[in-house]
Amino acid sequence: MNENKDNKEKKKVALYIRVSTDEQAEMYGVDLQRNALMGLIASKVNEYEFAGSQHVYIDEGESGTLEPEDRPAFRALLEDASVPDEKPFDIVAVYKIDRFARRLKILLEIMDKFNQEDFKLEFISAHENIDTSTPFGRAMLGIIGVIAELELETIKERTRAGRLASAEKGGYMGIPPLGYVKSDDLEGKIVIQEEEAEIVKMIFDLFVNERMSKEAIASYLVDRKIQSPLTYRYEHSKEDTKKQRTPSIYGPYQWHPSAVKTVLENEIYIGNQYYNRSKDGKKLPKEDWKLYIHQFPLFSPTPDSLFFQAQKLLQGSGNRYYARKDKNRRYLLQGLLKCANCFDPVLHDEPYAWHGTPHMVKSTGKPAYYYECSSKHSGKKKARHVTCKVVSLPAKNLEKYVLDYIFNLVDNPKIVFEYQQKLQSKKLNISLLEFRLKTIIALINTHESSKSRIVELYSDGRMSKEAKDEAFKESDRKHKNNLAEKEKIEKDLAIFTAEGEYIKVFEVFKEQYAKFMKEYKQDIEVENEEFYRLVHMIVEEIIVFSRPKTDKDSVSGRKVEGQMIPYMLKITLKIPSEMLMALLKSLSPEEKLQAKKRGWWATQGSNL
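The sequence shown: position 288 = 497 (the numbering used here), numbered continuously.
The hints are simulated quantities; they were obtained by calculation from the structure and are not laboratory data.
Wrong hints could be hidden among the right ones.
Pairs of lysine to aspartate or glutamate residues, derived as EDC-like cross-links and limited to a Cα-Cα distance of at most 16 Å, are as follows [unchecked claim]:
1. LYS305 x GLU337
2. LYS434 x GLU749
3. LYS221 x GLU278
4. LYS605 x ASP620
5. LYS329 x GLU288
6. LYS220 x GLU278
7. LYS322 x GLU278
8. LYS605 x GLU770
9. LYS434 x GLU738
10. LYS521 x GLU581
11. LYS758 x GLU770
12. LYS547 x GLU581
Only a predicted model underlies this, so the values are computations on that prediction, with no experimental measurement involved.
Given only the sequences and the hints, what does the whole structure look like? Please build it.
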């Protein structure tokens with residue numbers, strides 16, 4: 210009888226466990242706290258009993274300075290304890306008071322809540338041996354709360370002083386930007402990460418030399434599956450890989466114009482490493498920042514460098530999509546046109562782009578707009594040791610030709626595809642491409658096993674560390690090339706293998722652009738924002754092929770020996786899923802809602 214009575218009088222104990230930073234995870238890990246609290250309950254078996262595993266509340270990655278309602282597990286604890294009929298527990302146990310709260314104000318608010326008549330919860334701490342059911346325990350709680358807050362402020366001040374001292378010596382505070390990683394050998398100083406640095410240089414080149422806007426550069430990077438700065442944070446271990454982030458719905462290649470702008474404006478690329486940029490959570494004016502000149506700039510700090518050319522364009526009206534003397538001239542094909550003439554696949558990664566440029570007509574004093582190969586730019590000549598002699602093409606005529614093709618495609622996709630299939634089948638050995646695709650896929654699938662073999666050879670002592678690192682590098686290089694070749698072959702074959710998908714997607718485009726197509730006329734001014742968006746949603750790239758000039762060709766302007774005449778365009782379309790994704794991204798929230806009702810998501814095959 211007495212035993213049953215004792216059992217009824219036992220108080221049920223819930224556990225609250227909090228782990229914030231990685232340092233705390235090592236000092237106060239979840240298992241350590243749980244074991245200590247279960248030991249506390251076992252040591253007072255006549256007074257306490259465990260409320261059950263459903264009443265173990267764990268906040269991982271949550272700061273003790275947060276309000277209780279902002280911590281998911283603590284909020285759940287309060288909700289469970291608010292059950293009106295029968296409380297599931299009487300006491301909340303913590304390993305240490307600062308697991309509950311690091312601010313005295315927050316700690317007192319929690320205790321006020323626990324002391325309310327309709328709530329009534331007791332609180333015990335394993336580390337400080339505090340029991341709030343006694344007056345002494347409640348008094349000690351307040352004293353320890355003051356000490357905990359003082360400790361927090363001391364830690365923050367020491368951390369700030371340490372960070373400042375490190376920054377003064379060149380240590381980089383925070384996550385290194387695109388193009389850099391921290392070196393363990395240099396006390397947190399940054400060094401160049403070559404793969405990322407090439408992307409930074411590409412962005413500056415596209416902006417300054419190719420006359421591309423931030424929006425066009427972002428699209429260019431996405432189209433070519435260039436990984437985003439966020440993706441590189443994890444791939445190159447700039448940020449703790451244990452941290453869980455919600456992945457972008459657009460995958461690892463998500464670029465936004467603002468990210469491009471961040472790269473273009475960052476003075477880190479000319480060696481300027483700023484620190485002490487804020488105080489008490491507020492940003493300081495730039496004149497109050499402190500400067501450290503790091504050793505690895507990507508660009509020269511001289512006024513004529515690519516970096517400062519980019520700053521002039523950013524500050525002025527130098528958005529290269531627009532001709533300087535005609536404020537609203539939009540080059541529709543900017544970033545899509547590529548030159549086959551000056552491209553050598555042995556020496557170059559890809560063809561140079563053609564960009565829009567105005568040529569002043571002396572007789573009228575007005576500009577005429579053209580597209581021309583960017584290797585005519587002096588900097589490009591030096592880079593490739595070649596001068597492109599292909600004649601420039603009038604912008605309006607070229608844009609009209611491409612728009613006519615796209616509108617015919619959207620309006621009558623089946624007819625256009627049948628015609629394209631006939632043309633392509635004459636140029637491509639379909640069976641050979643399909644066989645090559647199977648071979649490439651097999652090589653891709655063996656990538657991980659080949660790397661495992663390298664590790665095995667190294668572990669057995671049959672390969673040195675240097676040889677292992679070189680083998681890894683070569684394996685990754687081949688894998689990257691195989692992925693690129695697979696994508697290219699799939700796009701070459703897409704016109705045969707994905708005809709049905711293309712037709713479905715073009716039906717969606719036709720529905721969306723019906724009114725727009727109706728208003729399209731031969732004499733329309735094509736440098737329209739809607740035209741630009743449509744072209745870039747559908748077209749992957751346009752290769753300009755050229756032939757030598759003959760006596761029959763009439764070319765205006767200065768005659769140059771070895772001139773080449775553009776005679777053919779190869780228009781490569783994006784794959785259907787990429788087209789539809791681009792269209793969905795361009796819609797307003799209301800339009801996206803309508804698109805979902807019309808079933809566009811089902812056509813695309815994934816959620817947005």
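To see whether the hints hold, each was checked on the structure:
no.	hint	in the structure
1	LYS305 x GLU337	holds, 7 Å
2	LYS434 x GLU749	holds, 12 Å
3	LYS221 x GLU278	violated, 23 Å
4	LYS605 x ASP620	violated, 22 Å
5	LYS329 x GLU288	holds, 13 Å
6	LYS220 x GLU278	violated, 25 Å
7	LYS322 x GLU278	holds, 12 Å
8	LYS605 x GLU770	violated, 27 Å
9	LYS434 x GLU738	violated, 24 Å
10	LYS521 x GLU581	violated, 23 Å
11	LYS758 x GLU770	holds, 9 Å
12	LYS547 x GLU581	holds, 10 Å
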